[in-house]
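K.L.:
Numbering (the working numbering), first residue to last: 4 to 294.
Hints may contain errors.
The calculated BS3-like cross-link candidates involving lysine-lysine, where the alpha carbons are at most 30 Å apart (straight line), are [stated by the list, open to error]: (1) K181 to K92; (2) K273 to K196; (3) K196 to K181; (4) K181 to K273; (5) K196 to K41; (6) K181 to K274.
Computed spacing ranges between beta-carbons, pair by pair [unchecked claim]: (7) R266 to E142: 31 to 39 Å; (8) G247 to G44: 23 to 31 Å; (9) D84 to G104: 48 to 56 Å; (10) E287 to D84: 19 to 27 Å; (11) P174 to R81: 19 to 27 Å; (12) V82 to P113: 42 to 50 Å; (13) E50 to V279: 23 to 31 Å; (14) K41 to G203: 35 to 43 Å; (15) N197 to E56: 50 to 58 Å; (16) D244 to V98: 30 to 38 Å; (17) G114 to T193: 21 to 29 Å; (18) V243 to V46: 18 to 26 Å; (19) S269 to E127: 49 to 57 Å; (20) R99 to V248: 44 to 52 Å.
Think of the hints as simulated: they come from the structure by calculation, not from any bench. All C-beta atoms in this analysis are idealised placements derived from N, C-alpha and C, irrespective of residue type, glycine included.
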Amino acid sequence: MGVDRAVRMLEETLRREGGTVYVRREIVHNNALVERFKSLGAVVVHEVDEVPEGAVVVFSAHGVAPSVRERARERGLRVVDTTCPLVEKVHMEAVRLREEGRTILLIGEPGHKEVEGVMGEAPENIRLIHREEDVAALEGIDGARTAWLSQTTLNVDETARIVERLRERYPLIQDPPKSDICYATKNRQTAVKNIAGECGVFIVVGSRTSSNTRRLAEVAAGAGAGRTLRIDEPEELDGVDFSGVETVGVSSGVSAVEEQLERLLSYLEKKGYAHVEERIAVRENISGWGL
Numbered sequence: 004m005g006v007d008r009a010v011r012m013l014e015e016t017l018r019r020e021g022g023t024v025y026v027r028r029e030i031v032h033n034n035a036l037v038e039r040f041k042s043l044g045a046v047v048v049h050e051v052d053e054v055p056e057g058a059v060v061v062f063s064a065h066g067v068a069p070s071v072r073e074r075a076r077e078r079g080l081r082v083v084d085t086t087c088p089l090v091e092k093v094h095m096e097a098v099r100l101r102e103e104g105r106t107i108l109l110i111g112e113p114g115h116k117e118v119e120g121v122m123g124e125a126p127e128n129i130r131l132i133h134r135e136e137d138v139a140a141l142e143g144i145d146g147a148r149t150a151w152l153s154q155t156t157l158n159v160d161e162t163a164r165i166v167e168r169l170r171e172r173y174p175l176i177q178d179p180p181k182s183d184i185c186y187a188t189k190n191r192q193t194a195v196k197n198i199a200g201e202c203g204v205f206i207v208v209g210s211r212t213s214s215n216t217r218r219l220a221e222v223a224a225g226a227g228a229g230r231t232l233r234i235d236e237p238e239e240l241d242g243v244d245f246s247g248v249e250t251v252g253v254s255s256g257v258s259a260v261e262e263q264l265e266r267l268l269s270y271l272e273k274k275g276y277a278h279v280e281e282r283i284a285v286r287e288n289i290s291g292w293g294l
């Protein structure tokens, strides 16, 4: 839902402006979508200082730090903010915990745009946790004044193990009011776990820059798939040997579009995989964000 929302907002902005629209970083982690938007007049920049004063700048679905918003105001930029509401929820939690004077242990990937944005809300209060072993290295923290948050696109099982380590070390640590990991990320990982063990090859469609896509590939490998491949387009499979592979599993990152899956299924049909069986692990019925 967050990806669809960001894409619709950028499409609407391009139509309304009828000219150049600047996008800070990739709107979502999908190379094909980014290239399509470039052809329609979107210019991807790294920072708002690259945007001409008074121009339109679009913030990506991954969110931005308060300092980025302030810099955009200083330059008189017209801002279109496509931050996913689920990411915005984590920002709000970080602000609340900062105001309570708590140390925030943020589980996430160093350098990820979402993590950079959340850390910008409370730079003096946040400590980043990437892996289980990072918990043992923590020092100088008052366990009674500690809380944890997480990036929305992580491996669910790995995050649970890190949280378990945090609770062992800091029994009074405060949980977020509601899980930070995106419902679509969790549901897709559940679906992949259910079928990966039946598959000689498991293919995940999505960009290598997409955290949730990489997590799906990890989950497929851990759940028993013979081989796990991540691709943007089916042509990347031209050198892959499918001999002896009876069943191919397919899933996609949340930023992939339906056309990418359709192209992959057409490619696999030509390889002899004409029968397609859809497995429903979780039925998503999202009428609102429920935030």
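K.L.:
None of the hints should be skipped; say for each whether it holds.
P.N.:
How the hints compare with the structure:
Distance check on the hinted pair: K181 and K92 sit about 9 Å apart at the alpha-carbon level, within 30 Å; holds. Distance check on the hinted pair: K273 and K196 sit about 26 Å apart at the alpha-carbon level, within 30 Å; holds. Proposed proximity of K196 and K181 is supported: the alpha carbons are some 23 Å apart, at most 30 Å. Taken as a hint, the K181 and K273 pair is broken in the structure, with Cα atoms around 45 Å apart against an allowance of 30 Å.
Proximity of K196 to K41 is assessed by CA-CA distance (about 36 Å); at most 30 Å being required, the pair is judged violated. The hinted pair formed by K181 and K274 fails the criterion: a straight-line CA distance of about 44 Å is larger than 30 Å. Separation of R266 from E142 is about 50 Å and departs from the stated range, judged on CB atoms against 31 to 39 Å. Between G247 and G44 the CB atoms are about 48 Å apart, so this pair departs from the stated range of 23 to 31 Å.
At about 28 Å, the beta-carbon gap between D84 and G104 misses the expected band of 48 to 56 Å. At about 25 Å, the CB distance of E287 to D84 agrees with the hint of 19 to 27 Å. Distance hint for P174 and R81: a CB-CB separation of about 48 Å, inconsistent with the stated range 19 to 27 Å. Remark: the range hint 42 to 50 Å for V82 to P113 is contradicted by a beta-carbon distance near 27 Å.
Distance hint for E50 and V279: a CB-CB separation of about 44 Å, inconsistent with the stated range 23 to 31 Å. At roughly 37 Å, the beta-carbon separation of K41 and G203 lies within the given 35 to 43 Å, and the hint holds. Range check, N197 to E56: Cβ separation about 52 Å, and the 50 to 58 Å hint holds. Range check, D244 to V98: about 52 Å between beta-carbon atoms, so the 30 to 38 Å window is missed.
As the Cβ distance of G114 to T193 is approximately 27 Å, the hint placing it in 21 to 29 Å holds. With their beta carbons about 36 Å apart, V243 and V46 fall outside the hinted range of 18 to 26 Å. Between S269 and E127 the beta carbons are some 52 Å apart, a value that agrees with the proposed interval 49 to 57 Å. Hint check: R99 to V248, Cβ distance near 50 Å, so the stated range 44 to 52 Å holds.
Of the hints listed earlier, those the structure fails to meet are numbers 4, 5, 6, 7, 8, 9, 11, 12, 13, 16 and 18, in rising order.
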